[in-house]
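Sequences and hints are given; from them, build the entire structure.
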Amino acid sequence: MTRIIGGLVGSRKLVSPAKSTRPTSDRIRESIFSSLDSKNAVAGTAVLDLYAGTGALGLEALSRGASSTILVESNKQAAAVCIKNARLIQDGLAEEDHEVSAKVQIQAVQKFLDANSLVFDLVFIDPPYEISNQEVEKNLQSLLGSLSKDALVLVERSARAEAIATEGYELLETKNFGDTAIYWLKPS
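Using UniProt numbering, read the sequence shown as starting at 1 and increasing by one per residue.
I should point out that these hints are in silico values taken from the structure, not numbers from a laboratory.
C-beta atoms are modelled at their ideal positions from N, C-alpha and C, and glycine is treated no differently.
Take these hints with a grain of salt, some might be off.
Distance condition first, Cα-Cα at most 20 angstroms in a straight line; then the derived EDC-like pairs of lysine to aspartate or glutamate [as the list claims (entries may be wrong)]:
hint	residue 1	residue 2
1	LYS149	ASP26
2	LYS13	GLU96
3	LYS175	GLU162
4	LYS13	ASP91
Beta-carbon label-pair distances, calculated as ranges [stated by the list, open to error]:
hint	residue 1	residue 2	range
5	THR174	SER148	18 to 24 angstroms
6	ALA165	GLY44	16 to 22 angstroms
7	LYS186	ALA161	19 to 25 angstroms
8	ALA108	GLU167	18 to 24 angstroms
9	GLU96	PRO128	31 to 37 angstroms
10	GLU96	LYS138	37 to 43 angstroms
11	LEU172	LYS13	28 to 34 angstroms
Printed below as a string of structure tokens:
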């Protein structure tokens, strides 16, 4: 069962995804957000969650103080799960007198990036492992113009896959969790 790990609505259960969706595990999300919280990198941020799946990464950020999140998902069933989960978290945060913005965009990631005019402080890119590195690298290049100067971009990939090229970014670190690698990037 996927759930929000911490913040104002910590422990809130999220709607489960279809079997074809691979949500980031609670253990990995807990590690990511522990690191982000220690850097004070979540509070007040505008968050973008690409290949959102359940929306757990972007919604976790809202629970921990982000001001807004956009969840981008092209799969209609997964997007429906994102919509339900966004409502659950927004309602839970409203009960805590904390108003936030959570929007779901049902479209291909690259199409969203090509049309986007918003600026983001924190971005999660968690594509299905079968999405090629070339596609992820194209996403990263298209994203560059939409990042604040101190933005962080976290990319989740298979640890067995070839490392992604990060032109235009500084690779801060790579954290491995078994079969999963998380690349921490910032615009250079």
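Of the numbered hints stated earlier in the document, which are not met by this structure? Those not satisfied are hints 1 and 6.
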